[in-house]
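Student: For the record, the sequence lines run as chains X and W. Each residue of the first sequence is one higher than the one before, starting from 8 at the first, in our numbering. Each residue of the second sequence is one higher than the one before, starting from 167 at the first, in our numbering.
Incorrect hints may appear among the rest.
Some chain X residues near chain W, calculated using beta-carbon distances under 8 angstroms [said to hold, decoys possible]:
(1) Gly23
(2) His30
(3) Thr34
(4) Thr38
(5) Leu39
(6) Thr110
(7) Ala117
(8) Asp251
(9) Ala282
Here are some chain X residues the structure puts well away from chain W; computed CB gaps all over 10 angstroms [unchecked claim]:
(10) Ser63
(11) Ala70
(12) Ser153
(13) Asn164
(14) Ala272
Short, incomplete list of chain W residues facing chain X, as computed with Cβ under 7 angstroms [unchecked claim]:
(15) Asp220
(16) Thr226
(17) Arg260
(18) Arg292
Derived by calculation from the structure, the hints in this document are not laboratory data. The beta-carbon is built from N, C-alpha and C at its ideal position, and this holds for glycine as well.
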Amino acid sequence: MSGANRGAPRAVLPRGAWTNTLHAEWTKLRTLPGVWWTLVALAGLTAAVGAAVTGSVDTANCASPAGCMEDTPKLALSGVRLGQVAAVAVGVLAVGGEYTTGTIAATLAAVPRRAAVLAAKAAVVAGAVAAAGTVGVLASLAAGRSLLPGNGFTAANGYPPLSPLDGPTARAAAGTVLYLVLVALLSLGVGTALREPAAAITAVLALLWLVPVVTRLTASAVWQDRLDKVAPMPAGLAVQATRDLDRLPIGPWAGLGVLAGYAAAALLAGGAVFAARDA
Amino acid sequence: MEATIEVRGLRKRYGAAVAVDDLSFTAGPGQVTGFVGPNGAGKSTTMRMIMGLDRPDGGTALVGGKPYRSLRTPLCGLGAMLDASAVHPARRARDHLRWLAHAGGLPARRVDEVIELTGLGGAARRRAGGFSLGMRQRLGIAAALLGDPPVLMFDEPVNGLDPEGITWIRGLLRSLAAEGRAVLVSSHLMSELEGGADRLVVIGRGRLIADTSVGDLLKAASRGRVEVRTTARQDVMTVLARAGATVTATGGDAVTVAGIPSEQIIALLTQAGAAFSGIAEHRASLEEAYMELTGDAVEFRAVTGREAR
């Protein structure tokens, strides 16, 4: 075959190999109908739950409309708490599905460099979840914009209409999309390490929900703050806050950074196990 | 690239169980090399190590002189079907081939070519979950052929296939070897390889039992044995057993004799007046040769109470 190349120093990655790997992973992801449905669920759940929560809050329940102190962008984006379950599924199944069906052997036969496989999976999962997340987040803001004034959250009461162009709201919106992407990457890492999708989904959901459930039971405000600073979901969702930032346990970007740390650790651990063990 | 698979001193253990134990063999160009052994003998593990899926505890496996994982274009170096059912059931067959082609940087027309070559045809547009075993085998083989590789490896490709499918795969393996490729094909049934393989690598409990040509193996297994056709089987067996031969009843009116040459058999039977209608050198079947070789290497043998008769 390539007789001329014999004896030439071995390239780390042949030319075009990275593009080929990325292309293959993208084809793999988009040719599964289940992935599309999960992405639709991600956008749909985020927007629908956000709208339901937003619609249930009314200034009539507060002493005065301004006294509600409601963080309306955060309220409108609260559907992400449920929508993230779909992001977990996409991340875990991108690799776990290969183990349950056995296609991982074909994947590693075609691309023996396992780090490249995982990196390509991370890229396509991040891209797909970012796209679906953006749709869900914009739909949530649109729903909030139309629902909030009816419940008394008007500009006159100190609640300007939601706009993705408004500084803090834009940060909350973009941060929410990033939150979903990071949750998906965390799931990809855990899925790679555990291989078994059911186990991986359970592990990620437990990791995300453990602290929010525990802090609900703990009476100590100090401990609540401490836990909210280091737990992936409460810290990551700090990026949605648009008012009273100084009272948050952790700043918006620092909080998202905590989640990014979890995602990076999971991917590194998954990558290390992936590279070391038998396929 | 040379069309070879070279396995040298390969070892693999899973906990306390030794799966592959100091295994060495070569599959060369232009030949179908049968890789035979009982279930659990280590065939699949060896193939997985050749492809770099599992890491050996010792030894090397080279494809065209290089470890698989260092091949620049692996799909163009070795094509393999290890498990035909390893496709995502929700993905269309054509899409399965397409992502593989993308990973290997292969042109899209190659996908259509292997679909044509393996007779998948219109089924390629269907989801692989609805495929029969035969169609899955064709899809697996199409995937193996994508990169037009000089070395091919198939793990139990005819297992569970109907006679038509078996004939097709046999013909395909022969034609791939005739093109100068090295073809390594595993089976736990020697009969599946009869007439299909040029060389045989026989393993049991992870160890090499025989690495030989089909002709030599049969000659070795047949050596010295004589088949006597007779209607007076009991008489013939008594006479010959008394003379020190090992006598086995085979078939309705046949007896297989080992230990004494045919001239002496004729003399003994004539002398004793035992009637026989024919006498010939016994020609062993591959299955027989295999049973003889792997007799000690079968890990789990069914206990048949009346076997001794």
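Student: Could you run down the list of hints and mark each one as holding or not?
Tutor: Verification of the hints:
no., hint, verdict
1, Gly23, "holds, 6 angstroms"
2, His30, "holds, 4 angstroms"
3, Thr34, "holds, 4 angstroms"
4, Thr38, "holds, 4 angstroms"
5, Leu39, "holds, 5 angstroms"
6, Thr110, "holds, 6 angstroms"
7, Ala117, "holds, 4 angstroms"
8, Asp251, "violated, 47 angstroms"
9, Ala282, "violated, 10 angstroms"
10, Ser63, "holds, 37 angstroms"
11, Ala70, "holds, 55 angstroms"
12, Ser153, "holds, 37 angstroms"
13, Asn164, "holds, 50 angstroms"
14, Ala272, "holds, 25 angstroms"
15, Asp220, "holds, 4 angstroms"
16, Thr226, "violated, 15 angstroms"
17, Arg260, "violated, 9 angstroms"
18, Arg292, "violated, 13 angstroms"
Of the hints listed earlier, those the structure fails to meet are numbers 8, 9, 16, 17, 18, in rising order.
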